[in-house]
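**Q** As a plain string of letters, each chain reads:
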Amino acid sequence: MSLGYYFLLPVIFSFLTPYFKKLGSFTLRGSTILLMLILFLQTLAYTGVTLPQISEFSLKPPLGIAFILDGYSLLFLLIFTFSALIVSFYMVWFFKANKGRDEARFYVFFNMLIAGSIGMILSCDIFNLYIFFEITGICSYALSAYNKDKLGLESGIKYLIIGLIASIFIVFAIMLIYLQIGTVNLGLIAQRFGQIDPKISVLIVLMLFIGFGTKAELFPMNFWAPDIYQGSMASVNGLFSSVVAKAYLFVFFHLFYLFGLNSKYMLFVMVIGAITFLVSEFTALNQTNIKRLFAYSTLGQLGILFMALSTNSSATVSGALFHLTSHSISKLLIFLALGILIHKFKSAKIDILGNFKSGFLTIVLAIGFLSILGIPPFSGFVGKILILKGFALTQNYAAIAFILLVSIVEAVYFFRLTAMMLDKKRTKISVPIGFANYVVLSVLAVLIVLFGVYPSLLTHYTDLATNALLHPTNYLNYALGVGL
Amino acid sequence: MIGLLILFTFLAIITVALGAILSKDITQSVMLFMGVGLGSVVLFFIFQAPDVALTEAVIGTGLSTAVFLLGIMHTSQEEMES
Amino acid sequence: MNLKKVLPLKHILLSILSSALLLSVLGLLMQVKTNLYKNVGDIFLNLNMQTATANAVTSVVTFFRGIDTVGEVTVLFLATSGIALMLSDTQRTCEKVVKQESFILNVGSRLLLSVIVLFGVYIIIHGHLSPGGGFQGGVVIATAFLLLFLANPNMSLSHSILTLGESLSGVAYVLVALIGLFKMNILLGNFLPHPIGEIGELVSGGIIPVIYILVGIKVGSEMSVIVEYFSKEDYYKEVCDA
Amino acid sequence: MLEFFNSTQTIHTIIIIGSMCLFFIGFYGIATQKNLVKVLVSFDIMESALFLFFIGLHYQVGLVAPIVDSNLKTFTNMVDPVPQAMILTTIVIGLAVLALGLSFGIEYYKLTGRNDISKMNELRD
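Residue numbers (our numbering), protein chains in the order written: chain A, 1 to 484; chain B, 1001 to 1082; chain C, 2001 to 2242; chain D, 3001 to 3125.
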């Protein structure tokens, strides 16, 4: 199959959505699940073939645009299509529980959010990447305003303005790149980036940093993220945290290593990541809204990822990619489980964690919390240990001490939440969980435990990804049309 | 000649843009913004980009302004003083 | 009238900041050296004879960078969906009230409608020969409907036809891309015959005019929907308030 | 004097200075304006400035538009078509985002009677 289907199939589905809607909500939900299943199975099929894979549009690169799949994008593709499949099952319960919502339009935005994120990680042309950036952006604005209440609209407007600022800087950077080296192909830019006048190159890097850093929720530009998370639905938060933020992070580091910025700007990104981690975890301590709390927690984890991914050492980067996968699964689990609670209690205050009675949800949420915190049998532990091991190999003990110290802060609120759930003295209300949700949440929880016990299941892919990220020779050959 | 024409068009655009930003009346600011678009159309035409000029005239100036005006019809017409 | 009220301190500081940034960016940009490499656009100009379109910009938009345009059409589609999600209110209970309409405006706008739509169609189908194309022509068609709404507030468009046009043209566009994959083994391949001798004629350029016509239908129907939502919004509000 | 104004060098200098002034006027607008519509207007001004910058720097005296007609039979001595195609795409995307933002603003105004972005602070702990 051609890689182009990752974008074209969701586009066809979205264009036909008005007719699926006429056939009834069963067709609508079923077709979305089918689409996501096709995409996931296609990705699984790609795990068995030799990488990189390429599919061209109109012309062969470097003149034309192509989608290239290498080890690095394969890992993200697995995460994205899996998360999308899970969320599409979850939404069946959601729309049964919330009647009278505009289901068709939600599915349009959902499909295109996934397609846009996948397009961003596959495209080998920076202007084409910008188009996918805008597609993902528009879908996220619309999804965060989907509730059409005060909070939702406010978050939609804020997200839109932030997105406009980011896109203007990216367009400026693309224009400067084209003016300097006359191309927008990533391979050619990577080859010629060193020859740009250093002053202009600093300007370009700054613009790209502001553009993608804003969207990837890096420290000075991430003030907006908790607001957006608070205003939108829990399932959408899960998507933002495990798909959209990760897609921007992918692009950030893809360009970072491709353009050879790692030697010059490594320390800078590391310090920014550390500050992100520190500030977010301390702010998370005194949050009373549960969505905000996990938004800050997401920012903190992204901070660790930024610290570890910028190091240029394969052990640390591999650990970081493991941690990223584990974080995606855990955050998806937490947000989907919280969605059930928020639907039941009609409130997002932190107290709802203490007031529900359901053994299943308690276990599942506890697994999610402890995995993010990094407690042994779960996958988050392996991720953190691998990162720390990588830092130890490069003798960066300051980073290890820093991560461990800030993790104590993290532990404070995660243990508080777990204790609140297990507190027998609070009044407990039983919460109904749909059948689909039992399946969805148990699959996620089982995966967390599985990757915690058998990390080798995942390390194969993270090693592939690390190799592709740090040594992009193969990718460059394909993007330049040499290896064809 | 071309250089002078470009210079004066730019001066006009900048003046109009400043007016659009500083004006207190939103309708006025949208109309002045249309002036920025029209100036851009002239410049695109001079820069030998008729496709962009047509697009800017129809989409960037025409429909944008129409959408803005229809939009502000039912939001507040003036900036609220805080 | 004191100065502080007209120009608060914050604004002065921000204007100083903007000017400082302006000067520093200008300082950097004035040193822009000419490009050392051949622009990819110059290579496209040389290649352009092969696509047999008179307008090089059109062949770049629809063919050389064709997937960009698929994405662009998708962005418009998503924005339309978002606007429809926001502004179509199913819970509105108030009755439609027939508004006073002016006979002269009504007849005049209907007369103009055909002319403007014809002009839009001209722009669309001559997209590969002269400036213009699907996006511009589509928007011109939408402005014709805007005129109709302004002249006659009771006017409403048939949403089923618009949805049909939008969906079918979008799907057809993607199918054109996929047929290229099956026939030419490359997505968006130009599978229709496009002899170079035909350059400048109306039927030339293979799939390029086909794509621009599909884009024109799609953009025209989407923009009409956007215009209708924005102008009807006001109408509903007035009616509901009364 | 007229020679001076007709050189590509001078024209490019004018374009850089003019479009960057326009860009930072828009920037100032975003930083100071509170009304949503005016913020969107400022964004559009910034975008227009970038378009002028990009198209303008690819123009050189003596080049013609990349369209052949009865007098012009080959694609030589023409301006670069790729920036024009890119700008065309960006203009359409700009309109899409702008219309979406306005529809959010209208809906928010219907709910609260405000469209002042500095007063949008319901989202807090």
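Treat the hints loosely; a few may be bogus.
[Said to hold, decoys possible] List time: in silico DSS-like cross-link candidates among lysine-lysine, alpha-carbon distance up to 25 Å:
no., chain 1, residue 1, chain 2, residue 2
1, A, K96, A, K60
2, A, K424, A, K344
3, A, K349, D, K3119
4, A, K424, D, K3034
5, A, K349, A, K425
6, D, K3073, A, K150
In short, the hints are calculated from the structure, not lab data. All of these numbers come straight from a predicted model, not from anything done at the bench.
**Q** Taken at face value, is the distance from the CA of A/K425 to the CA of A/K349 at most 25 Å?
**A** 18 Å, holds
**Q** Compare the distance between the alpha carbons of A/K424 and D/K3034 with 25 Å, and conclude whether the hinted pair is satisfied.
**A** Violated, at roughly 49 Å.
**Q** Just to be careful, I want the Cα atoms of A/K96 and A/K60 compared with a cutoff of 25 Å; is the pair within it?
**A** 47 Å, violated
**Q** Taking only the CA atoms, is the gap from D/K3073 to A/K150 under or equal to 25 Å?
**A** 59 Å, violated
**Q** Are the Cα atoms of A/K424 and A/K344 separated by 25 Å or less?
**A** OK: A/K424 and A/K344 at ~20 Å, within 25 Å.
**Q** Is A/K349 close enough to D/K3119, meaning Cα to Cα at most 25 Å?
**A** Holds, at roughly 23 Å.
Checked against the numbered hints given earlier, this structure breaks hints 1, 4, 6; the rest are met.
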